[in-house]
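Enquirer: Chain order of the listed sequences is A, B, C and D.
Take 397 as the starting number for the first sequence in this note's numbering and just add one per residue.
Take 869 as the starting number for the second sequence in this note's numbering and just add one per residue.
Take -1 as the starting number for the third sequence in this note's numbering and just add one per residue.
Take 706 as the starting number for the fourth sequence in this note's numbering and just add one per residue.
It should be emphasised that the hints constitute simulated quantities derived from the structure, not laboratory data.
Keep in mind the model is a prediction, meaning the values are calculated, not measured.
Any given hint could be a false lead.
Claimed, not checked - Label pairs and their in silico Cβ distance ranges: (1) A:G693 to B:P1006: 49 to 59 Å; (2) A:Q413 to C:E506: 51 to 61 Å; (3) A:G404 to C:E366: 34 to 44 Å; (4) B:G1115 to A:T959: 56 to 66 Å; (5) C:E506 to A:P436: 33 to 43 Å.
Said to hold, decoys possible - With a straight-line cut-off of 27 Å between C-alpha atoms, the simulated BS3-like cross-links for lysine-lysine are: (6) C:K407 to C:K134; (7) B:K1098 to A:K847; (8) C:K134 to B:K1283; (9) C:K120 to C:K408; (10) C:K120 to B:K1278; (11) A:K984 to A:K953; (12) D:K801 to A:K855; (13) B:K1283 to C:K557; (14) B:K1278 to A:K570; (15) B:K1278 to C:K93; (16) A:K855 to B:K1098; (17) A:K855 to B:K1076.
What the hints assert, rightly or not - If you want a taste of the chain B side facing chain A, the calculated C-beta under 8 Å gives, among others: (18) E1002; (19) T1065; (20) A1155; (21) R1187.
Even glycine gets a Cβ: it sits at the ideal position worked out from N, Cα and C.
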Amino acid sequence: MIKLHIDGQEAEAEEGQTILDAAKGLGIEIPTLCHHRAIPPVGACRVCVVEIRDGGRPGLVPACAYPAQEGLVVETASEAVRESRSMTIQLLLARCPEAEVLRKLAEQWDAPPLTLDAPLDHVEPPKGVPEGAGDRDKCILCGLCVRVCQDIIGPAATAFAGRGIERKVTTPYKLLSDVCIGCGACALVCPTGAIDPAEFCSHSIEKIPNEFNLGFDTRTPIHLPFPQAVPNKPILDRENCIHFRTGGCGACETICPAGAIDLEMEDEIVEEEVGAIIVATGYELLDPSVYEEYGYGRYPDVVTSLEFERLVSASGPTNGELTRPSNGEPPKSIVFLQCIGSREETGPGKPYCSKICCMYTAKHAILYKHKVHDGQAFVFFMDVRAGGKNYEEFVRRVSKEKVATYLRGRVSKIFPHDGKLVVQGADTLSGGQVEIAADMVVLAAAVVPSKGATELAQKLRISYDQHGFLSEAHPKLRPVETNTAGIFLAGACHSAKDIPDSVAQASAAASKALGLVVHDRLTREPTIGIVNELTCNGCFECENVCAYGAISPKDIKDRSGATVAVLANINEGLCQGCGACMVTCRSKSIEVQGYTDNQLFSEINAITR
Amino acid sequence: MSRMGVFICWCGANIAETVDCEEVARYARDLPGVYIAQSYKYMCSDPGQRIITDAIQEHQLTSVVVASCSPRMHEPTFRKTAATVGLNPYMLEMANIREHCSWVHTDRRDATEKAKDLVRLLVEKVKRNQPLYEIEMPVTQRVMVIGAGIAGIQAALDVAAAGHEVVLVERKPSIGGFMSMLDETFPTLDCSQCILTPRMVEIMQNDKITLRSNAEVEQVNGYVGNFGVKIRQKARSVDLDKCTGCGDCWNNCMAQNRIHEPEREPECSVASPEIAAKVDAIAAKYADEPGGMVVGALQDIQEEFNYLRQDALTYLSRRISVPLSRLFAVARFYGAFSLTPRGRHIIRVCLGTACHLRGGGSIADTISRELGIGDGETTPDEMFTLERVNCLGACALAPLVTIDGRYHGKMTIAKMIHLIEQCQESGDTVAV
Amino acid sequence: MTEATRLQTPDDLAALRARVVERRSAKKVCVSICAGTGCRAQGSMELLAEFGRQLESAGLDDVELRATGCHGFCERGPLVVIHPRKIFYHSVQMKHVADIIDKTIQHDEVLPALLFRDPKTKQRCEVEGEVPFYAKQQRIVFRHNGIIDPTDIEDYVGADGYVALAKVLAGMTPEQVCDEVEASGLRGRGGGGFPTGKKWQICRNQPGETKYVICNGDEGDPGAFMDRSIMEGDPHAVLEGMTIGAYAIGASKGYLYVRGEYPLAVANLNVAIEQAKTRGLLGDDIFGSGFNFTVEIVRGAGAFVCGEETGLIASIEGDIGTPRQRPPYPAESGLWGKPTNINNVETWTNVPVILERGASWFASIGTEGSKGTKVFSLVGKVNNTGLVEVPMGATLREIVFDIGGGIQKKRKFKAVQTGGPSGGCIPESLLDLPVDFDKLREVGAMMGSGGLIVMDERTCMVDVAKYFLGFLVGESCGRCAPCREGVFQMHRILSRIVEGEGREGDLETLEKLGNYVKASSLCQLGGTAPNPVLSTLRYFRHEYEAHIKEKKCRAGICKELVQFRIDPETCTGCTLCRRDCPTEAITGAKKEPHRIDAAQCIKCGVCYDVCNFGAVEVE
Amino acid sequence: MTEKKTTAAQRDGTDWQPRIVAFLCNWCSYAGADLAGMSRNDYPAAIKIVRLPCSGRVDPMFVLKSFERGADMVLVSGCHPGDCHYSSGNYHARRKLPAFRELLGFMGIDPRRFKISWVSAAEGNKWSSLVADITEEAYALGPFQEFPKCTAPEKTG
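So here's chain A without its partners, still in its complex pose (with noise of 0.2 Å):
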């Protein structure tokens, strides 16, 4: 640890630490503008000089790029410093009034204007790209968009042109770079907001969808998930991210106070044991566009329920306004058509109904009412069904009170038109066609089980429907067991489910496998397979056949502990008693307890004499 003194405190800093660290773990605030933590310092700007009285050459230095030192006496706000700090800042601000970040330092260290001449015309006028791009006006020259890009991420798009006064940013030769990757960090770093790759990158730049908000608004590659995630720590994604794109990059590792970064972190295998497994891998909805005639994926404003769950949920990208994402304007109408993909016996859809749309079509009703209240709501449906506590007064609510008009029939055309949607349907109740003018078209998207749940499901020898919702042992008796015994449901993994219903179910669940691991010992029926080592010879046919893994070589030892012959042998708590292994076993060297084939051809004899 290294002592030193920043305005008559002791501070203490690691090797290689700077002042600017040091200033920091005591609370001091030194203003910079050319620095940034994940950049190496250069000290360019001079904003963050700071006074050193003692222990080193007096005089000021960058406390950006000066090292601490064993025994220095630093001042960070010397009538030296000040004055030397609100030069910089006078001249910076002469060469770039606009810049925001100036104006405010120039308040806070007393920088009036100089009374000095504008600089130079320094930037000049853009040859089909602009040099120095972005709001050049703002550029202080402070090269953290050069250095990131050369020291950090790699590709050099850009470089310095030019000296002293007439130095400029710009690509090489001026022309569009190909070698940018378009990745912002030079945006980013920028002190005054002066550069935007989309001025000189000869890709088209594109933010990185937040699957949190549906891709309504972006994300970085490292990320919290969302605000109140659990566990509430970042993620990386590796798709997106410099490091593991280019091998450039892990600014986040050297800026991260914590050392908690680890680019080096590999995927893991860890094991656990545990008595009872409750499954609980939930639902997603299905992807409309295989329907053209709704046009989502081609209409920005045509969106699933899910999406539009975002859209007006406070914590959403748009704050709770609902917007349309096609302008920002609120929707003065919207539809909602249910049954999307539900009840359907042909077709992309599913057979089954999705048994929540219903309900949650109703209250987007209400939220929508509650956004745009001279907004116009209307509901294509099938059949309500509102089978639940109070979920029928709901309903009924809702369209009693004309907060939403219920249409009952389909859609079959939506297109675009003079800036809306027209949303062409039938009205089997009053028998004719309907046509409605939308700003906003939501589709109840049916709900389909989760991804991989069936690769779960083959994982944990359990069975699962044509739809891959995952199969109860009993559809009445035992509804949250599946057949293998210790594996339970839980949720939409199951059926289409609601809160309630999924929370009812998970406790069921939790309740059964409890159940089970209550008991420290579980008794089993002991019509297993057993190997008679007297004959195995093992050949290990067996293992191939077993479902179970239950067969595993077993090393028979003498009395001096050698090897003397490898033997299958049975776990009787994997083996399920089902005979595979008997039938394939050559030497006859297993049997069935309860089904030997001793008895079995005595059965034989039996009834065929």
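Please arrange chains B, C and D on chain A, whose structure you already have, making use of the hints.
Expert: Relative to chain A, chains B, C and D alone:
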């Protein structure tokens, strides 16, 4: 020697109507190994069961066949009954003379014959039965919950509340599932996150619950009570124990956008073979130097091509793996480089201090005036390029001008004009 | 010519030297012609060829012709010295060649017309040493310049070259070498004046196997060319110095960063390196000591800031030459991040002679804190322009008046500027200042690399300040804000002042900005950039005030503030000014008073300078 | 169904009744047969059921033994493919037994006498009609005599 008892159930009329149970009993009694055989109205009733237990005790039966309904129905019942009087339950088997016989056949004779067959079948089997004993296994008293949406969260909390450890596995980096994305919930319209978030936090705080987020089930081994589950804990790149969630990383994440990995055109497309060959030769000169001697290579390229051609520089950049931006920056930094073609005659005017004091500035102004070009510029006919340099190190000759490297000292304005004229006339360098 | 064999031991070197000396010591006639840049520019190479031709046709094939490095007295080139009498001819023209061969060489007759005539004593000086320009000099750094042929290693060996290296490698530890250099009191000649031995010691003590030595030959100060002369005229001395330094520090690779504007220096150094390699004086196992050392030449490309150590390192690394914040110093982390020692050409050149003749000998020369000699390039409004080497502590008066022969055209001395663009101006009142590192710093100037620019009454100090600042605006790398923006703004203010737009308070702003830039800049370029302004403000404030308040430039330099006028009374109508006027602004018939048409006059001042009667006046 | 209620006696006046041995897995087919009983489906009584844990437990030797002992028809029935209680036991049966049937002819057994079927626990009706069908077929094929004739002397006793 087996002492077997055979008990034929009438099942009221269910069996007896079609099967002559007494005859079957008689038949059974004669079968080898059978010690006693008798029939009764309801074997599964209490008196019926007592008949069996009494017989077992009285006759010290070693095995029993009950001919009645499907074993899928009452095998556990009768085995339990037998066990109460000390008979190993696996020494008892059932002959299914109801579902497989009396209920599906109408001919009494056929049915009775079949029932005899079935009884015989079981008698022969049971003769070869061995006493079996139930297997006892330890139970791992923990539960795994796969999926941490509201259902998984609830299940995990319930199990934990009962005092058992839970491993909660979630594929996504956060728990919460779809419910965390919902706004308000029907039919009460309470805020989804408001009711869910406390549960999520509880998961984190409950020390009975081990949360494995960003993890997937890889393989499941074992069996009820003893599952071994291999979980792929996907690399999060964040050490959850160390992370304080301060936000520095995501607020400073350099990738603000999706990344385009640049496709590289092949080297040959950036410069013609002739130019490439020349640049190759230059690059080879500096191959041994760690920095590639960028400045030197650029000097050579300028010498070779008169100026720093874009294609040559681009090619060099690829060749020596130095970013073009760096070459460009170097080219624009140093006074000696030109990115545009230079004239056939390069006039350099020294503006070192000595030359300045002796009127070098006026000489430079004169050239500018005569040729209409400024510093670093070239006349439109590509005849002259003017370079103002900061001392050529021959101060005794001040003011000094060099034309194509040749020194012209003690320059005067008149001499300069004369020199330019001479150059223009001859088109060649002129000696003083 | 001796066959170019590898010198494997110090004895081999001694043997070679003996052979060379024997061959050269014969009382043979030798025509030594200066082939320095100054003399070349005045035709010395043509002269050399002409001598060759005429000597051949005269059948004088035993006369040796030698092209040497710069003698320093460039003002009077081309210079020719005839050995063995060392007759010193200056300003030799082609037409003189025949006479020299005929009279001097064949008949041992001196040609008085070609000898230097002391303007004070009116005496003709036959040999170099008698010329006042040389009389007060002490040539240590320039010990071989003008004497040996720089492209022939044997000449250098003959002049005791590589003796120091042999001595070091044969019997001294690196420690001892560092100590010896430190004991000599040698300080860096590049500007900073840091003790060289100490610097070596620091670098030597750094951990790590790989270390570098660099010779800074990026002589960027305008008006300074001593390093050029050394590199051109005595390249082996530089190499020998670097080799000794590398041995002391523990480096095996050296870089010679040569200014791109010095092609002859590059050529001669390249020849020297090749010869040294052939002789085994560079490369592996030098003198059988096991010590290896190679030198690479890097050509600069025109950036003053590369004279700054860290800028120079960046440039060698193939990047733009922007200096970086120190610490870490190059001695800790320099080229490619390895400990690196940088000295300039003059410093390296001092090294062999110190080790050859001993630290105490060297320490006996100079002043208390500054030992040895210093080479100055004496330029500007002085009669004898050229390179002068004087012991530390010589006064400015000695240099400017005794050696430099005083001010041209008998004008009045005004100031001398030292230390290049970052230096300061010293007024007449301080002419008796003994020149050394510390004294110059005391008066607000600096040694710098040794530029001495003499200014007369026709020099405007505001213009000089503006000139230097303009130079620095153009040469600032632009990395740090104070230097980039501050110097620029100072230059803008000065530009305004010389254009007559000066305002009240400008001088205070200049001082404020100047002090700010000095204190806050990243490197020494910025750290010293305001010196020309600050020092002229200190000694010549009245000139500034005249510009601002009276809108007058008494020196007649600031075009916006002057009017040239011909006094009809004094004008003789000689037409000299009329002929030289570039814009034909002067009219008037022969022998009649001339007139300047103000509308056409560009105020170049040519008329003022050429008038032999003082008829052109400045208003 | 009623027409199919045939007993051996009614059929041709002789006492001959085919012996049909059925190997049923405990989880699907046995339960299916139970269901047929619970549904009171009437079917011929010639079939005798051997209960096994799984169709995968059926050793071809069981089939051979049955024929050797004079069975006229052998049936193996298990869960439908994919529904095996033991995941894959019926797959083993499905591959092994048809291959075995190919060899029956070689051994002098009419392959038509060996039936493989998949009956689930829900298929009581399927079971009863299956039994009716194969009983019918067994009658049509007549008694199986070739095999017992040549093997009986050695085997008995």
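Enquirer: Could you tell me whether the CB distance from G693 of chain A to P1006 of chain B stays inside 49 to 59 Å?
Expert: holds (54 Å)
Enquirer: Tell me if the interface restraint on R1187 of chain B is satisfied: Cβ within less than 8 Å of some Cβ in chain A.
Expert: violated (15 Å)
Enquirer: Has the hinted range 33 to 43 Å been met by the Cβ atoms of E506 of chain C and P436 of chain A?
Expert: holds (38 Å)
Enquirer: If you draw a straight line from the CA of K984 of chain A to the CA of K953 of chain A, is it 27 Å or shorter?
Expert: Measuring from Cα to Cα gives roughly 22 Å; hence the hint holds.
Enquirer: Compare the distance between the alpha carbons of K1278 of chain B and K93 of chain C with 27 Å, and conclude whether the hinted pair is satisfied.
Expert: The hint holds at about 21 Å.
Enquirer: Compare the distance between the alpha carbons of K1278 of chain B and K570 of chain A with 27 Å, and conclude whether the hinted pair is satisfied.
Expert: violated (41 Å)
Enquirer: Does K1283 of chain B pair with K557 of chain C here, judged by a C-alpha cut-off of 27 Å?
Expert: holds (22 Å)
Enquirer: Hold the hint about T1065 of chain B up to the distance rule: shortest CB distance to chain A must be less than 8 Å.
Expert: holds (5 Å)
Enquirer: When you check the alpha-carbon spacing of K855 of chain A and K1076 of chain B, does it fall within 27 Å?
Expert: Satisfied, since the Cα-Cα distance of roughly 26 Å is no more than 27 Å.
Enquirer: Sort out whether K1278 of chain B lies within 27 Å of K120 of chain C, counting only the CA atoms.
Expert: holds (25 Å)
Enquirer: Can the hint on A1155 of chain B be confirmed by a CB-to-CB distance to chain A that is less than 8 Å?
Expert: violated (21 Å)
Enquirer: Quick one, are K855 of chain A and K1098 of chain B close enough, alpha carbons at most 27 Å?
Expert: holds (10 Å)
Checked against the numbered hints above, the structure breaks hints 2, 8, 14, 20, 21 and satisfies the rest.
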